[in-house]
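**Student:** Please model the entire structure based on the sequences and the hints provided.
Sequence lines, in order, name chains A and B.
For what it's worth, our numbering labels the leading residue of the first sequence as 1, then goes sequentially.
For what it's worth, our numbering labels the leading residue of the second sequence as 1, then goes sequentially.
Identical chains blur together in the list; that is why a pair holds if it fits in one copy or across any two.
Result set (DSSO-like, lysine-lysine): computed pairs, CA atoms no more than 30 angstroms apart in a straight line: (1) 57 <-> 14; (2) 131 <-> 80; (3) 52 <-> 14; (4) 108 <-> 57; (5) 80 <-> 21; (6) 52 <-> 21; (7) 131 <-> 108; (8) 108 <-> 80; (9) 52 <-> 108; (10) 80 <-> 52; (11) 57 <-> 21; (12) 57 <-> 80; (13) 80 <-> 14; (14) 108 <-> 14.
None of these hints come from the bench; they were simulated from the model.
The structure presented is a predicted model; accordingly, all values stated were derived computationally and were not measured.
Number of protein chains: 2
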Amino acid sequence: MSHTHVHESQDQLKEALDTLKQTGVRITPQRHAILEFLVESMTHPTADDIYKALEGKFPNMSVATVYNNLRVFREVGLVKELTYGDTSSRFDFVTTDHYHVICEDCGKIVDFHYPGLNEVEQLAAHVTGFKISHHRMEVYGTCAECSHKDLH
Amino acid sequence: MSHTHVHESQDQLKEALDTLKQTGVRITPQRHAILEFLVESMTHPTADDIYKALEGKFPNMSVATVYNNLRVFREVGLVKELTYGDTSSRFDFVTTDHYHVICEDCGKIVDFHYPGLNEVEQLAAHVTGFKISHHRMEVYGTCAECSHKDLH
DNA sequence: TATTACTTTATAATCTTTATAAATAGTGTA
DNA sequence: TACACTATTTATAAAGATTATAAAGTAATA
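**Tutor:** This is the structure we're talking about:
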């Protein structure tokens, strides 16, 4: 990881903590650690991933704490919950708008940026009479590593 | 339901049964009933919805049968599994390409047609190096009924 | 009809997530 | 700093969805 990326992560974490303070959410060591892990993680972890990753630092932490705080972060808008047909949800620290590409072979999730599809939302509103709030889109395929692996 | 729609459903069911025959999947009474329910249902039911809907006709049917056959249908391509953050998956009989609009208030799912977003897939392939197979998109909002309800 | 493979049933097990209650720790104020 | 109040954590149980297993039943085929 480059120095620039480290600084970005630190800034993002500080911003996130500020958001919590402003919203009146207490900053506990567990919350700090979960947020830090999410900000630095590029892997869209599950609740259990986070739980396992932090059990070294917090041997007594409960799974419920992870779930509770992920819910708090989601309600405050710091974290997005991704539900992709796997058995468990994955959690994504919210930065700029992006979509996800998911490897159907190994489950890897990669970000990719694309301008928001506002036209789609407008058409949906027109056709269905819904008041649209947002949309989600995921693209599925096979990552380069898995494509390569399959040749052997 | 109009006569035309009834005929459409019958045709779709017959086609689906043909697909099963061609693929070498046995057509049991339970499978027939589950497919029929899915074809006629406009509600994107959960496995449990299907189970409950058919327990009149099959008092001894096991939930496992529903799940097993939904998996079979999915593998053959007759049925799409929708995983939208609710606790349980919903199942959609595959007809023509369409997207879904989901009411965040009452959970209703409405179809809406939109030309496939091929450009998005192409960009994703270019940027990430994935071999793209498909994508999914859902639009979220509030349906007309719930919007109206909220005013009271 | 006998055999074989597939399917269903009944049940248990697994896995993710949520609920509960007691113990603990933050935060603001005197 | 110490107190009091409330939020949070922990430990555990419970709930809910899905899958695994093994025995019984059924379709297809020779």
